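Trainee: The residues making up each chain are set out below.
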Amino acid sequence: MKVAKLSLSILLILGVVVAATASLSFAQSNPRYINLGSGAVGALYTPDSGAYSHIGIVVGHPTSNSLGCGTGWATRGFLALCFNTRYVANETAISWETIILDVRSAVNFVKGQAGITKVVLVGASGGGPLMTTYQAVAQNGSAYCQGPNKLVECGNNVAGLPRADGIILNDSIPGYGINGLRFLDPSVLNEAHPELINSNLDPYNLNNGFNPAGTSNYSDNFKQRYHRTQADRMDKLIDTAQRRLRRAEEGRDSYTDDDVFVIGKGETGPLFRLDLSIAHSTIKPQKLLKNDGSVVIQIVESVRLAAPSVGDLSDLFDGGARLLTLRSFLSVRAIRAKTAYDFDMSSNNNSTGYHLQHISVPLLLVSSGAHYFIRDNETHYELAASTDKDFVVTEGASHTGPPCVPCEQFPGQYANSAINQMNYMVNWVNQPGRF
Amino acid sequence: MVLLWGLMLALAGSQSFAQNFPTYHQLGPAKATLWRPTSGTPTIGIVVMHRTSNFLNLGACSQMRDRGFVVLCMNTRFDNNEAEVIFEQMALDVRAGINFLRQNQSGLTPGITKVVLWGYSGGGPTMSFYQAVAEVGVGFCQDPQKLTQCESTGSTSLVGLPKADGIIFVDAHPGNPIIGMLRSNNPAVHNENHPENLRARLNPYDPANGYNPNGLSTYSDAFKKRYFEGQSDRLNKLTAEALDIQFHIDQGAYPYPDNAPFVIGRSTASKLFVLDTSILHGTQKPRKLLKNDATIDDTHIVDSVRLPDPTIAQTDESFDGGARLLTVKSFLSTNAIRSTNSIDGIDYCSSNNSTVCNVRQITVPVLFNAMGAYYFIRDNEIHFEEAKSVDKDFVVIAGLVHGITPCNACPGGPYNNSQKNFYDYVADWLNKPGRF
Chain A
960 MKVAKLSLSI LLILGVVVAA TASLSFAQSN PRYINLGSGA VGALYTPDSG
1010 AYSHIGIVVG HPTSNSLGCG TGWATRGFLA LCFNTRYVAN ETAISWETII
1060 LDVRSAVNFV KGQAGITKVV LVGASGGGPL MTTYQAVAQN GSAYCQGPNK
1110 LVECGNNVAG LPRADGIILN DSIPGYGING LRFLDPSVLN EAHPELINSN
1160 LDPYNLNNGF NPAGTSNYSD NFKQRYHRTQ ADRMDKLIDT AQRRLRRAEE
1210 GRDSYTDDDV FVIGKGETGP LFRLDLSIAH STIKPQKLLK NDGSVVIQIV
1260 ESVRLAAPSV GDLSDLFDGG ARLLTLRSFL SVRAIRAKTA YDFDMSSNNN
1310 STGYHLQHIS VPLLLVSSGA HYFIRDNETH YELAASTDKD FVVTEGASHT
1360 GPPCVPCEQF PGQYANSAIN QMNYMVNWVN QPGRF
Chain B
124 MVLLWGLMLA LAGSQSFAQN FPTYHQLGPA KATLWRPTSG TPTIGIVVMH
174 RTSNFLNLGA CSQMRDRGFV VLCMNTRFDN NEAEVIFEQM ALDVRAGINF
224 LRQNQSGLTP GITKVVLWGY SGGGPTMSFY QAVAEVGVGF CQDPQKLTQC
274 ESTGSTSLVG LPKADGIIFV DAHPGNPIIG MLRSNNPAVH NENHPENLRA
324 RLNPYDPANG YNPNGLSTYS DAFKKRYFEG QSDRLNKLTA EALDIQFHID
374 QGAYPYPDNA PFVIGRSTAS KLFVLDTSIL HGTQKPRKLL KNDATIDDTH
424 IVDSVRLPDP TIAQTDESFD GGARLLTVKS FLSTNAIRST NSIDGIDYCS
474 SNNSTVCNVR QITVPVLFNA MGAYYFIRDN EIHFEEAKSV DKDFVVIAGL
524 VHGITPCNAC PGGPYNNSQK NFYDYVADWL NKPGRF
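Same order as they appear, the protein sequences are chains A and B.
Using our numbering, you'd call the opening residue of the first sequence number 960 and step up by one each time.
Using our numbering, you'd call the opening residue of the second sequence number 124 and step up by one each time.
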């Protein structure tokens, strides 16, 4: 915030009471509603003082409501636009290749605000692939998201996107297709009857290692079979969707444009939520942002707890199945893979790791220390083409930042996770010479 | 230079944000924008909400704000996703909006003493349902003849809803099951698994039945009768199918133990009255017509000036736009109603999503507005006739389409002043001494 620091000093001279970065005097009282068009909407947060950094913040997620996200930024002196895409609350309707147009609307809006010279994209969770898709296309052009290897290609309507100047990913998912793959329950034998399963691949079978009261322990052999069969199921789902779509387009089905695509047990097969030995840590020593605000370098282990209750949803439609269409499945939840951990990131347009290889602006990756994306985020860091890049794990943070209280060994052990993380992000943005 | 830049930031900020811009507020799972006049301390607040549509920036928000009212424009917990809607639960979001204004939860609405609900389009059944339950209690929405019932315990209980002080209906639906499903489904479908196969005798897009792809269609009375009965027959069968699935779910004899997808092809577009404007063409009695010159003529039957739209044939055959992607629960709660024909043979109280059934319970002042270039004129006349309220009014706004904009191509124009006339009329109704 180099310009803002200078401005601040001037304002102080003028007698305006403006305190240092995290002061409550910056508090945002009421965010301003912004209509971004095409169904996208935003909430604009600014400090009540009226003075803000020259670096604007854009925060969004493909389907979750992000409109309440800006107070932390505004209280630290930033203008932040939190936006919802046209597909908020409706994954069924998503065209991934269209959604980035809503990011463009948000970026253009912030760029148009008085005094803003730089824009940083902030993608939390599924906002990670959203923001990286946008920036990769902005830096490389529409051809980047086209090609015969893509399950779905973007159109030329995404040409000419204005580039952002930096990206912060907060516990980014590796991609919707990758998550779609890893959350599949591979024991399903018949897609029309997901209740019929292969018990040898049932993650909730005690004989396979399931523990309904805590951490499950699956054998290496089981894990290998499981992860390979997840890819097999994904391949079959892709083949089915593509075949049905071809039939539709050829006028040989009930509709010519799209159709429903339901994946039973599509959300209840994440083995890493049951067996904590999977995706448990970084591979190399990495930064750990500790609860006292200090940063140490070490192999960072996730302190997350097992979630055997996922099994309670396994049979359900609400929470257990994915209700999609042929097109939204192929665009959002599909990826070509050999196993759940060996996949072709370039086969879809929503893989964070693939996009980061084509992005050059400054990048900060923050991972939540009590969640399961630590290794994914380390991979993102390793793959990222940006020369100015940083990676830190927030100790004891549940997904995207709040403290994981059940993970604590003593009360308050991780109580500062969200504030520490926010301050870390702000300090990164304010680093002299970065923006 | 630095000094100037710093000043510029400060001044730009103070100038930009000194206005009464709409502010965003999160009301639990619902979203809201608050629109306040730039001066005065209004005593009447308006809550605007639909079912799934984004109303955060609806034209009424700024129009009524500019006429001196505080307006809270809301999206429900089910915005943008029809498949998720459990209709009865939306009343909880209306309650949140009423409390937000009455209790001055934001600190921005200190003078509000009265709250009026704004039921536009699908917001009509939403707001009328809320008020009916608020006035007569949950017994109303737990009537066993309804296809689904509201809750009276737990986090979604509708016990003790605070009453609103009035309702403004703006081209309100008679009910989502009625307009969205019963009158929109294509009754020529005879196999739900293959909605592409149509029975010729009920096909609305067959020229032999009266369809005109280039303009106004003209169907025989015999065709209309069997079409409307066919629509009822199809929806009754769909309802029976959904109830059967629900039964098997409850028995543990279905692939899922809780809910199931429910897809209905050719179910959104086939409104015969969009093709043949002789159907639902106007009021049955002389009613108020708010004319483009702002005068009111109440001496005539009011006919819709709407134009036919034969292009719905293309929508009908598509998945996106023509089919409904629902679940068994959202279908039964929000899209199903019993009937013998789709026009005047409706068992209005078989669904909680029914403006007609709801207004029979409501006693607060109500204003019904129908758009003169659309097809809800007769429905809103029925709402007016059925409303229990002693203080009630009904007016048709000349030449406006459902989006509250003038129909430039419609006969009898111009209608360039009608939008302003409409909002002025509503403001005058709200401001009438003694009403609120």
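Since the hints were derived computationally from the structure, they do not count as laboratory data.
Computed from a prediction, not measured in an experiment: that's the story for all the values here.
Incorrect hints may have been included.
If you want the footprint, here are the derived chain B segments under chain A, 3+ residues with CB under 8 Å [stated by the list, open to error]:
hint : segment
1    : 175-185
2    : 203-210
3    : 363-370
4    : 383-396
5    : 444-451
6    : 510-519
Straight line, CA to CA, 25 Å or less: simulated DMTMM-like cross-link-like pairs of lysine to aspartate or glutamate [to be verified]:
hint : chain 1 : residue 1 : chain 2 : residue 2
7    : B       : K348      : B       : D367
8    : A       : K1109     : A       : E1050
9    : A       : K1243     : A       : E1341
10   : B       : K360      : A       : D1212
11   : A       : K1109     : B       : D443
By construction, the Cβ of each residue, glycine as well, lies at the ideal position given by its N, Cα and C atoms.
Trainee: Please go over all the hints and tell whether each is borne out by the structure.
Mentor: Right, here's what the structure says about each hint:
1. 175-185: holds (count 3)
2. 203-210: This one holds; 4 residues, not fewer than the three required, reach chain A with a Cβ under 8 Å.
3. 363-370: violated (count 0)
4. 383-396: Our answer is that it holds, as 4 residues pass the Cβ test (under 8 Å) against chain A, meeting three.
5. 444-451: holds (count 4)
6. 510-519: violated (count 0)
7. K348(B) with D367(B): 28 Å, violated
8. K1109(A) with E1050(A): It holds: about 20 Å lies between the C-alpha atoms, which stays within 25 Å.
9. K1243(A) with E1341(A): Between K1243(A) and E1341(A) the Cα gap is close to 10 Å, so the pair holds against 25 Å.
10. K360(B) with D1212(A): 23 Å, holds
11. K1109(A) with D443(B): 23 Å, holds
Consistency with the previously given hints fails for numbers 3, 6 and 7, ordered from lowest to highest.
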